[in-house]
Amino acid sequence: MAGKRTRGPGELEDEIMRVLRSHSDELSAKEIQRLATGHPPAYTTVMTALDRLEQKSLVVRVTISERKVRFRAAHSEDEHASRAMVSALDDASDRESALLQFAGNLDARDAELLRKAIAKPGPRGSG
Amino acid sequence: MWWVCVGCVLTASGLFFIAPSALTLRQWQVRLPRVGLALWWAVMAIGCVLALSAIIVSVAISLGASEALTRPQRVVFTIVSWSSLGAIGALIAWVSVSVEPVANAHRKTVKRFAHTVVSREDRGPFIFARFASNEPVAFAVPGRSPEIMVSTALESVLTTAQLRAVVAHEYAHLRYRHGWILRAAEVNASCLPRSSSAGQELRRATLMLIELIADDVAAKQAGAANLGNALVRLSRLTGDASMELRAERMMLRRWPTRFHRSLPEPVRV
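Top to bottom, those sequences are chains A and B.
Per the working numbering: the first sequence = residues 1 to 127.
Per the working numbering: the second sequence = residues 1 to 269.
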C-alpha cells in the first residue's frame, strides 16, 4: 500500500532548487537531504528528484570522482527570477485577463486601426 | 402574449448577428473609446434582457396555459420554456466554471512574482510592488488586494514623471474595474459558439478600448506628453510598434495643461 504523501506534486523539486540556489558551492545529495526543510526526504527520493531536475536542465551534475557526485543550480537566482517572469507573462498571454499590462495587449489589426485613425484625424484633430 | 415572446427572441437574435458587424472597431472608437465600449456593452445587455424576457414570458404562458393557445401551441411553449430554463442553469454552471480559473490565474501571477519583489508599498487603493527584472514591464493585478507591479528595469528607463503616467494608466484599470469587464468579455466569448465572431470581436474590442481608456485617464492625470514619451521610450526598447501609435494618438485631442491636471495621491510614486 502506498504511503501517505508528505509533499504535494513538484514540491520536493522546488525545495531542492531553493537549497541549491541559496548555496553558491556545489552540494552532494546528502547535504541537500539535510538542508531541505519540512519532512526529511529519503536519500533515494532526493536522487530521483535530482535526476528529473537534471533532465529538465535545471540542475548541473558535477562528477568529482566515480563515487563522488555533486550538484549545482543551472541558473543563478537573478536568471531564475527573469525566467520566472517571462514564463508568468507567457502563461498570462493564454488568458489575457490575468494581466492588465501596460504593453502588449494590442494585436496587428488594432495597430492598423490606430494607424488609420491617426492618419485621418477627425474634426477635433486640430488640437 | 406569445407574440411578445417571439418578438423578444427575434430582436435578441438580430442583435446577436448584427451587432458585431455594426459595432466592429472603427476609427471613431479610437477617438472615443469610452463611448465605444459603453455601446458594445449596452447592446450586449439589451440582448441579454430581451432573451431573459422571452424566457420569462414563455414560462408564464406555459404555467398559465393560456386559453388563447391551441393544444399543440401549449405543448411547444411548455417544451421551449422548460428547456430554456435548463439552458440558463447550464450557462450559469459554465460561467462559474470559466470564472474560477481566471480568478486563480490572478493569485498565481502574484505568487509567481512574490520571490522577485524587492519592495512593497501600501498606497491605499492598491499595493505598489517593485520586482527585479531586466524586462521593462508594468501591470495591474485586480482582486481583493489589488496590486500594481513595476519592474526595476522599467523604473531605470523612465523618468519619474513618465513612471507616474504608467502607474496612472494601471491605476485606471483597477479603478474602473477593467479586470471585471475583460473577464466578462472572456466568459462571454467562451459561452458563444466558435462559428460566431460576436464573442471574439467583443473580447478584442474590450481589450483594445480599455487600453485606450486607461491611456486617456493617465494623460489627463499625469500629462499626455509624459505618457506619450513613456510609450515611445518603451516602444523603442521592446520593438512594439503599437505603443508608438498609442503615443501618436495622444496628439488627436487637447489635454488639460499642467495647471489643470490633478494626479491622484496614490499614483505619486
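Just so you know, the hints here were simulated from the structure itself, not pulled from any lab data.
Quantities reported herein were computed from a predicted structural model and do not represent experimental measurements.
A portion of the hints provided could be inaccurate.
[To be verified] Below, simulated SDA-like cross-link-like pairs (lysine to any residue); rule was C-alpha separation at most 20 Å, straight line:
1. A:K116 with B:Q27
2. A:K56 with A:K116
3. A:K30 with A:V19
4. A:K116 with B:G199
5. A:K116 with B:E244
6. A:K116 with B:V59
7. A:K116 with B:T24
**OP:** Against the structure, test the hints numbered earlier, and report the numbers of the ones violated in rising order.
**Re:** 2, 4, 6
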